[in-house]
Amino acid sequence: MTVQSFMTSPPLSLRPDDTVGAAAQQLIENKFVNLPVAEKNGRYLGLFGVFDLLALVLPKAALDKTAELDLGFLKDDVSAVQEQLEQARFLKVRDHLDNGAPVLHPDSGTLEAILELYRARNSLAVIDKKSRRLVGMVSYWDALRALMSQR
Amino acid sequence: MEVDTASHATIFGLDPLWLSTAILILAYAAIMFERVNRAIVALLGAGAVIVSGVLDQEQAIAGIDFNTIALLTGTMLLVAISKRSGVFQYAAVWSAKVARGSPWAMLALLMLVTALASAFLNNVTTVLLMAPVTLVIAEQLKVPPYPFLFTEILASNIGGTATLIGDPPNIIIGSATGLTFNDFLANLAPVILIVLGAQIAINHLIWGRKMKVDEAARARVMAFKPAEAINDWPLLWKSLFVLVLVIVGFVLADPLQLEPGSIAMLGAALLLLLEHLGRPGEDQSHQVHHTFGEVEWITIFFFVGLFIIVAGVEHAGLLSLLAHELIKATGGDLTVTTLAVLWASALLSAIIDNIPFVATMIPVIKDMAANFGGPEGLLPLWWSLSLGACLGGNGTLIGASANLTVAGIGDRAGVPFRFVPFLLMAFPMMLMSVLISTAYVYLRYL
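Top line first, the protein sequences correspond to chains A and B.
For the first sequence, numbering that gives the first Met the number 0 assigns the number 0 to the initial residue and increments by one for each residue that follows.
For the second sequence, numbering that gives the first Met the number 0 assigns the number 0 to the initial residue and increments by one for each residue that follows.
These are calculated hints, taken from the structure and not from any lab test.
Please note that the accuracy of each hint is not assured.
[To be verified] Derived DSBU-like pairs (lysine-lysine); straight-line CA-CA distance at most 35 Å: (1) A:K64 x B:K327; (2) A:K74 x B:K365; (3) B:K211 x A:K74; (4) B:K237 x A:K91; (5) A:K74 x B:K82; (6) A:K59 x B:K141; (7) A:K64 x B:K237; (8) B:K365 x B:K224; (9) A:K59 x B:K327; (10) B:K365 x A:K64; (11) B:K327 x B:K237; (12) A:K64 x B:K141; (13) A:K128 x B:K209; (14) A:K74 x B:K327; (15) A:K59 x B:K209; (16) A:K59 x B:K365; (17) A:K64 x B:K209; (18) B:K224 x A:K64.
[Claimed, not checked] Derived Cβ-Cβ restraints for the label pairs, each shown as a range: (19) A:G20 x B:P189: 36 to 44 Å; (20) A:D16 x B:G46: 40 to 48 Å; (21) B:I299 x A:Q83: 41 to 49 Å; (22) B:L276 x A:F89: 31 to 39 Å; (23) B:E33 x A:D106: 49 to 57 Å; (24) B:D410 x A:Q25: 27 to 35 Å; (25) A:Q83 x B:D282: 37 to 45 Å; (26) B:P420 x A:F89: 43 to 51 Å.
[As the list claims (entries may be wrong)] Here chain A is said to cover these stretches of chain B; the calculated rule only asks that three of the stretch's residues, wherever they fall, bring their Cβ under 8 Å from a Cβ of chain A: (27) 263-276; (28) 317-328.
Every residue, glycine too, gets a C-beta built ideally from N, C-alpha and C.
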């Protein structure tokens, strides 16, 4: 069994010029953790998801894993966070996507896919090896459903 | 060290002086260009010194200053444990609150806190802990973070100059000369206070007085809860207890007849014990392994390799030759030699790594003892070497590891640090600090 057999294709995707607000709406409406971002010609660019959205309201320095920063000393000001999120609505997805996430290919094996999904704790894009075109998305649910249906 | 070129044969019968010099120059060049990690370069250089026959293994091992290695490792372990308590984050948040949200007061206080922390900790560690929280505070105040990070770089290199343990060049100088923690404090801390005061004043004029914040931002800072920055109160008290003990140990090192390396390692072992007492064995192993993993092994192995390379050139007689030439060039005049060492160290340290430079200069200066009335006569040279090498690091973005560390943190947070803009601001400030040091060294020792 390869990824091709249980990926969602064609997937719902974002364009790099989409605004963060529009992307957030898609994520919330469809209850997706993330969505692939691809150019008009289908070339895959990265993933944009809930965590990228949440990162926009956090101090940038706190996102640096090496800093091991704790924000407990800040006053909990929800209106300031909401204001920050509101300002982020007009930013472009291209500037905030995750282009370091691993990708799968249609011919990737099941175990390989499960390992990547396990490591990423997220849905992953499936792209064509040669053309780098986005061909599908695979979530951990897809993998689990595919495995259960094999029994 | 006596020149002993005939003790064993070198590869192809090559002159050990040329061979060891070539290895040193190649290692320096490789360290400068940073295409290969500096620890790898130093270890390869050390290997070349042994394989080529400049030194045998016994001589190479004897060239490693284990007091320096122990002092570095011990302080790294102390910081690795105590930082988990959140004490450094607390200090930065406390500074912002005490400054009542005033940007210029915050700039000055953060410089003071950074300098103080750097005097007792590794500079890189200090900025690694201070810079991220500074960025968060600046973001809350809605002021540009660059001036805060820039001044923290300066403060870390300045503060580190004040004590034996503040900066690696001082650790090597102290270990090689037997100068104590108190000697460094008594001779360098006064001038460092003046340099720091001057830097705070200049940075206030350049940045501080221009920064304005609105009432809402000020209120946000005043609402900070510094106590919340502490993650682990018991660990904080244990860390402070051991850090105070270690500093008392450094101060009393002479009467106790203990080397700083032993004190730091003993302190690290005590803090490890206090942290893990009563925990199951398996947890202890896991946590101790994690703590040991935080030791900057690149720095430690860099030192090991470097000591062997320098021992090679020392053994081959290059450094005696250099000392002789330096004395000839300065006419054997202590004032000229001292000021030449101060300025050459500062200018070179702005471009090249100050650790290999100082490691090379130590035997050169030691060789001058006969010209200046014995080891006592070398004191102005040691202080000049330390001031030049440590303060010179402020001259360029690549002058010290702390500079690059802050630049990295800044870049990741969208606050770019570029070589030329940094140079244009920092180099004149570095020159000013060396000028102050020149006046101090001249008036006090010459």
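Task: Range hint 27 to 35 Å (beta carbons of D410 of chain B and Q25 of chain A) holds or violated - done: At roughly 31 Å between Cβ atoms, Q25 of chain A and D410 of chain B fall inside 27 to 35 Å, so the hint holds.
Open item on the list: 36 to 44 Å was suggested as the range; check whether the CB atoms of G20 of chain A and P189 of chain B agree with it.
Closed with: violated, 58 Å
Open item on the list: Checking one constraint from the list: CA of K59 of chain A to CA of K327 of chain B, max 35 Å. Satisfied?
Closed with: Roughly 55 Å separates the two Cα atoms, so the pair is violated.
- [ ] Measure nothing beyond the straight line between the CA atoms of K64 of chain A and K327 of chain B; if it is 35 Å or shorter, mark the hint as holding.
- [x] violated, 54 Å
- [ ] Assess, step by step, whether the Cα of K64 of chain A is no farther than 35 Å from the Cα of K141 of chain B, and give holds or violated.
- [x] With a Cα-Cα distance of about 23 Å, the restraint between K64 of chain A and K141 of chain B holds, given a limit of 35 Å.
Task: D16 of chain A versus G46 of chain B beta-carbon gap, inside 40 to 48 Å or not - done: With Cβ atoms ~55 Å apart, the hint is violated.
Open item on the list: Quick check on a hinted range of 31 to 39 Å for L276 of chain B and F89 of chain A, using CB atoms only.
Closed with: violated, 55 Å
Task: Restraint check for K224 of chain B with K64 of chain A, where alpha carbons must lie at most 35 Å apart - done: holds, 23 Å
TODO: Please count how many residues of the region 317-328 of chain B have a CB within 8 Å of a CB from chain A and say whether that reaches 3.
DONE: Coverage by chain A is violated for the region 317-328 of chain B (0 residues, Cβ < 8 Å).
Task: K74 of chain A paired with K365 of chain B [C-alpha distance capped at 35 Å] - done: Violated: K74 of chain A and K365 of chain B sit about 57 Å apart, past 35 Å.
Task: F89 of chain A and P420 of chain B - C-beta distance against the hinted 43 to 51 Å - done: violated, 30 Å
TODO: Take the C-alpha atoms of K74 of chain A and K327 of chain B, compute the straight-line distance between them, and say whether it is at most 35 Å.
DONE: Violated. K74 of chain A to K327 of chain B sits at ~65 Å, over the 35 Å cutoff.
Consistency with the previously given hints fails for numbers 1, 2, 4, 8, 9, 10, 11, 13, 14, 16, 19, 20, 22, 23, 26, 27 and 28, ordered from lowest to highest.
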